[in-house]
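Undergrad: Each chain is listed here by its residues.
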Amino acid sequence: MNSSSPAIEIEQLVREFRKGPRAVDGIDLAVSPGEIYGFLGPNGAGKSTTVLMLTTLLPPTSGRARVGGYDILRQGSQVRASIGAALQEAALDAILTGREHLMLQATLQGMPKADRTRRAQELLERVGLTEAADRRVGGYSGGMKRRLDLALALVHGPRILFLDEPTTGLDLQSRSALWEEVARLAKEEGMTVFLTTQYLEEADALADRVGIIDHGKIVAEGTPTQLKEEIGSPTVEVVPADAGAGDALAQRLASFGQLARNGRGAVTVQLPGGESQLAEVVRVLDQAHLKVASLQLHQPSLDDVFLAKTGRKLEGAGEDQDERQP
Amino acid sequence: MRRFVYVAKGVAWRSVHNTLVSPAILLPSLIFPLFFLAAFAGGLSRISDIPNFDYKPGYTAFQFAFVFLQSAAFGGVFTGFAVARDFDSGFARRLLLTAPRRSGIIAGYALGALGRWLITAVVITTAALAAGMNVSGGGIEIVGLIGLGIMMNLGSALWACGVAMFLRTEQAGALIQMPVFIVLFLAPVYVPLRLLTGWVHAVARLNPATATLEAARGLIAGSPTKVALSFALLAGGAVLTALWARRGLASAERAG
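Line by line, the protein sequences give chains A and B.
Here the first sequence stands for residues 1 to 326, numbered as in this note's numbering.
Here the second sequence stands for residues 1 to 256, numbered as in this note's numbering.
Careful, some of the hints might be misleading.
[What the hints assert, rightly or not] Partner residues aside, some chain B positions facing chain A, computed with beta carbon under 8 Å:
{"hint": "1", "residue": "Arg2"}
{"hint": "2", "residue": "Arg3"}
{"hint": "3", "residue": "Gly10"}
{"hint": "4", "residue": "Asn18"}
{"hint": "5", "residue": "Val21"}
{"hint": "6", "residue": "Gly90"}
{"hint": "7", "residue": "Phe91"}
{"hint": "8", "residue": "Arg94"}
{"hint": "9", "residue": "Leu96"}
{"hint": "10", "residue": "Leu97"}
{"hint": "11", "residue": "Thr98"}
{"hint": "12", "residue": "Ala99"}
{"hint": "13", "residue": "Arg101"}
{"hint": "14", "residue": "Gly256"}
Keep in mind that the hints were calculated from the coordinates and are not lab data.
Cβ atoms here follow ideal geometry from the backbone N, Cα and C, with glycine treated the same way.
Go ahead and model the full structure; you've got the sequences and the hints to work with.
TA: Take a look at the structure:
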């Protein structure tokens with residue numbers, strides 16, 4: 001793979017399960033080296049099936065994909081050597097300790113013994129498991145298992161990292177720690193990260209680009225900003241200090257765009273020119289001597305994007321779908 | 001090749017490590033053969049008094065040969081259980097994801113089975129010697145006996161790996177164990193072949209395990225018989241079960 005070719009390249013990838021719908025239905029995408037690609041969708045949308053195919057754990061029914069420059073069907077061994085993956089279930093051996101897991105993983109990857117020991121220690125420190133390193137994994141918390149899983153994926157210094165819903169079930173502190181580490185890997189080590197998630201804020205916070213998948217098809221793709229801009233402009237909600245000033249407020253703000261009246265005299269107005277119009281709103285209110293209790297800018301969210309593209313809210317959208325959980 | 005070796009080494013290390021640190025894994029593989037040895041060699045020792053039972057080292061050695069081979073075969077079976085457990089727990093997926101050369105996973109499980117059985121073999125041999133077993137065979141015969149055990153263990157482990165990889169659930173246990181159990185117990189376990197009668201004799205005569213059992217007893221007695229035939233049968237079995245295990249792995253790869 002040269003530096004200009006995509007780290008991950010997918011063409012018309014399909015996976016059908018017997019007696020089931022197409023879990024992945026002809027997707028195309030390309031991820032550049034060093035990019036964090038967020039694959040966003042509800043449960044059963046086809047995210048995990050895509051990851052299983054890209055990590056050579058499941059052969060596609062049709063289509064092509066290259067990971068790290070290698071064909072996932074014909075060059076599985078080279079693909080596995082160039083990727084790391086932390087799948088949805090952190091499948092660990094309850095009898096082994098954290099350190100033993102890392103040593104085993106390093107052995108499977110063919111690392112020399114001296115490097116194995118050094119690398120295991122380095123990763124244990126990085127994911128904050130030094131104190132628990134020699135305890136059996138059976139006694140680890142969910143967050144500790146996730147961190148160990150991430151460390152295992154990094155043992156051999158892969159160029160591409162697959163993370164399948166890495167923060168599901170984690171508390172806020174563990175989640176933000178994992179986000180920081182993923183961002184660091186991409187920024188400082190130039191690692192390509194393919195991240196599936198059903199959390200909007202995760203995709204928004206981490207991903208350089210987002211692909212939204214629903215019923216096995218990619219329904220939207222772009223940077224989070226592009227996707228939000230595609231579906232609409234931001235809005236500003238103004239709450240007057242005097243609830244009776246609502247009419248005057250609405251009259252002044254009508255020139256900006258479509259208005260909506262809320263309770264207690266509050267007015268929400270669209271800003272077709274984007275957030276740069278906010279200063280103008282403030283100026284108009286000042287000139288009209290209208291006192292304001294609060295003023296809030298609302299950017300469209302990825303949830304709005306999902307709603308616009310699929311007609312459903314992301315939360316709960318997976319309940320009517322049936323992806324095989326391989 | 002180097003990648004294959006590393007994968008095999010890692011998987012084998014885990015198998016032996018887990019056996020040594022977990023009594024729940026170690027004890028069944030020790031208790032079953034020890035129980036068979038005590039029950040058969042001790043409880044049925046008067047069988048050697050029946051006419052035409054002429055096995056010079058005695059009934060303990062006669063039964064030891066069976067228990068030795070049975071423990072080798074069941075060492076492989078227990079490894080199959082572990083493979084099935086790895087599929088149920090998801091750990092097998094980690095191995096499939098990590099191993100650059102996946103055939104090394106089968107080799108690793110087989111090596112692990114061998115390591116586990118060697119522990120059992122040492123324990124039951126010590127127990128049999130402590131119980132007064134006579135061994136008339138010399139060094140070469142003993143090496144031959146160990147070789148038979150290794151081949152038996154290998155064939156059984158590869159069979160078990162194949163079934164576990166095809167079915168990928170712990171419920172595969174019965175299917176892994178039953179054929180091995182039937183083949184072993186349809187051999188002349190309690191008396192020599194010539195003392196069996198009826199259908200049991202007919203089946204035992206055709207059973208490939210009979211030749212191996214007779215070879216093992218001959219090696220202990222210092223009068224080798226059917227050794228080359230046994231090794232040929234076991235080698236053939238190992239080749240067939242290796243192909244079976246490889247197909248099981250391919251099935252697991254297809255299923256994801």
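Undergrad: What are the numbers of the hints the structure violates, in ascending order?
TA: Going through the list in order, the structure violates no hint and respects every one.
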